[in-house]
Amino acid sequence: MYSTGISIGAVIAIIILAIIVIGLIVTNIRIVPQANAYVLERLGAYNTTWQKGLHFKIPLIDKVARKVSLKEHVIDFPPQPVITKDNVTIEIDTVVYFQITDPKLYAYGIENPMAAIENLTATTLRNIIGELELDGTLTSREHINSKIRLVLDEATDAWGIKINRVEVKNINPPADIQTAMEKQMRAERERREAILRAEGEKKSAILIAEGNKEAVILEAEAAKQAAIRAAEGEAEAILMVQKATADGIRMLSEADATKEVLTIKSLEAFAKAADGKATKIIIPAEIQGMAGLASALTSIVDGSKEKPKAVKTKA
Numbered sequence: 003m004y005s006t007g008i009s010i011g012a013v014i015a016i017i018i019l020a021i022i023v024i025g026l027i028v029t030n031i032r033i034v035p036q037a038n039a040y041v042l043e044r045l046g047a048y049n050t051t052w053q054k055g056l057h058f059k060i061p062l063i064d065k066v067a068r069k070v071s072l073k074e075h076v077i078d079f080p081p082q083p084v085i086t087k088d089n090v091t092i093e094i095d096t097v098v099y100f101q102i103t104d105p106k107l108y109a110y111g112i113e114n115p116m117a118a119i120e121n122l123t124a125t126t127l128r129n130i131i132g133e134l135e136l137d138g139t140l141t142s143r144e145h146i147n148s149k150i151r152l153v154l155d156e157a158t159d160a161w162g163i164k165i166n167r168v169e170v171k172n173i174n175p176p177a178d179i180q181t182a183m184e185k186q187m188r189a190e191r192e193r194r195e196a197i198l199r200a201e202g203e204k205k206s207a208i209l210i211a212e213g214n215k216e217a218v219i220l221e222a223e224a225a226k227q228a229a230i231r232a233a234e235g236e237a238e239a240i241l242m243v244q245k246a247t248a249d250g251i252r253m254l255s256e257a258d259a260t261k262e263v264l265t266i267k268s269l270e271a272f273a274k275a276a277d278g279k280a281t282k283i284i285i286p287a288e289i290q291g292m293a294g295l296a297s298a299l300t301s302i303v304d305g306s307k308e309k310p311k312a313v314k315t316k317a
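Residues 3 to 317 in our numbering are what the sequence shown spells out, letter by letter.
Quick caveat, the hints were computed from the structure, so don't treat them as lab data. Cβ atoms here follow ideal geometry from the backbone N, Cα and C, with glycine treated the same way. It cannot be assumed that every hint is accurate.
Claimed, not checked - Restraint ranges, calculated between C-beta atoms of paired labels, are given here:
{"id": "1", "residue 1": "K171", "residue 2": "R68", "range": "25 to 35 angstroms"}
{"id": "2", "residue 1": "G213", "residue 2": "R143", "range": "42 to 52 angstroms"}
{"id": "3", "residue 1": "V218", "residue 2": "E256", "range": "49 to 59 angstroms"}
{"id": "4", "residue 1": "D88", "residue 2": "E195", "range": "28 to 38 angstroms"}
{"id": "5", "residue 1": "E234", "residue 2": "I208", "range": "31 to 41 angstroms"}
Using the sequences plus the hints, can you model the full thing?
See the structure below:
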């Protein structure tokens with residue numbers, strides 16, 4: 003009976019020990035998810051970094067000191083008051099995108115990495131804005147982002163952090179400065195509107211003047227063409243008259259006309275010329291002689307027609 007009791011106790015002890023061992027084994031099995039890393043310490047000192055997969059740690063000796071996410075993180079820092087070069091106090095809030103590249107340095111490099119990044123961002127922002135005036139600050143977001151990212155990336159290398167991007171989210175000047183800026187922008191828009199309106203009126207006046215110019219040129223060209231056509235018509239008429247005259251002379255010449263016939267033709271031509279509105283007419287000598295002869299003959303004929311006068315005789 004005594005030996006049986008010892009064996010039952012031993013079995014129970016073995017079962018309990020087996021349960022404890024199995025429990026320790028199960029509780030010390032770790033599965034590291036994707037995009038994560040575990041920092042493992044052994045007896046209080048850094049031992050290794052577990053990447054994704056199945057891992058086992060020694061009970062009571064190994065300890066997972068820190069679980070680190072390797073995904074990209076985003077931190078939106080609250081607005082920071084900064085003073086520009088022209089002594090204007092503005093508030094700027096930034097957004098930092100970073101990624102942990104070395105879990106060991108991230109776990110042991112600095113006590114509070116997020117607070118360190120926030121303070122470093124604020125001090126860097128003050129240094130950069132202190133070199134810029136207000137107008138330059140409002141138009142230099144890309145410059146500010148680049149300089150902050152370079153400074154942060156260089157400083158956080160020792161912490162196992164990679165700064166991917168830094169974005170200036172908002173730049174808030176004081177209320178009176180915003181009002182003055184709005185008035186300035188409104189005046190600038192009105193000035194541009196006036197310039198555009200003046201340029202439009204100028205172009206319209208130029209187009210109207212060019213249209214009038216082209217109309218005058220076209221009218222002058224039409225008058226010129228009409229004058230040319232009229233002159234050509236008159237020249238053609240004169241040419242036809244001269245051609246007809248030449249044809250008549252040629253026909254007379256071919257008909258062996260006598261001198262008297264030619265003289266009569268000359269008289270007819272002279273009569274047509276005298277019928278015009280000319281105030282002075284030059285009569286050729288031959289026509290003058292013929293005219294005198296004709297006048298004399300007319301006088302003789304008229305005298306022969308008169309009655310004879312009585313002749314008185316002396317007693």
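For each hint, the structure was consulted:
no.: 1; hint: K171 - R68: 25 to 35 angstroms; in the structure: holds (30 angstroms)
no.: 2; hint: G213 - R143: 42 to 52 angstroms; in the structure: holds (49 angstroms)
no.: 3; hint: V218 - E256: 49 to 59 angstroms; in the structure: holds (56 angstroms)
no.: 4; hint: D88 - E195: 28 to 38 angstroms; in the structure: holds (29 angstroms)
no.: 5; hint: E234 - I208: 31 to 41 angstroms; in the structure: holds (38 angstroms)
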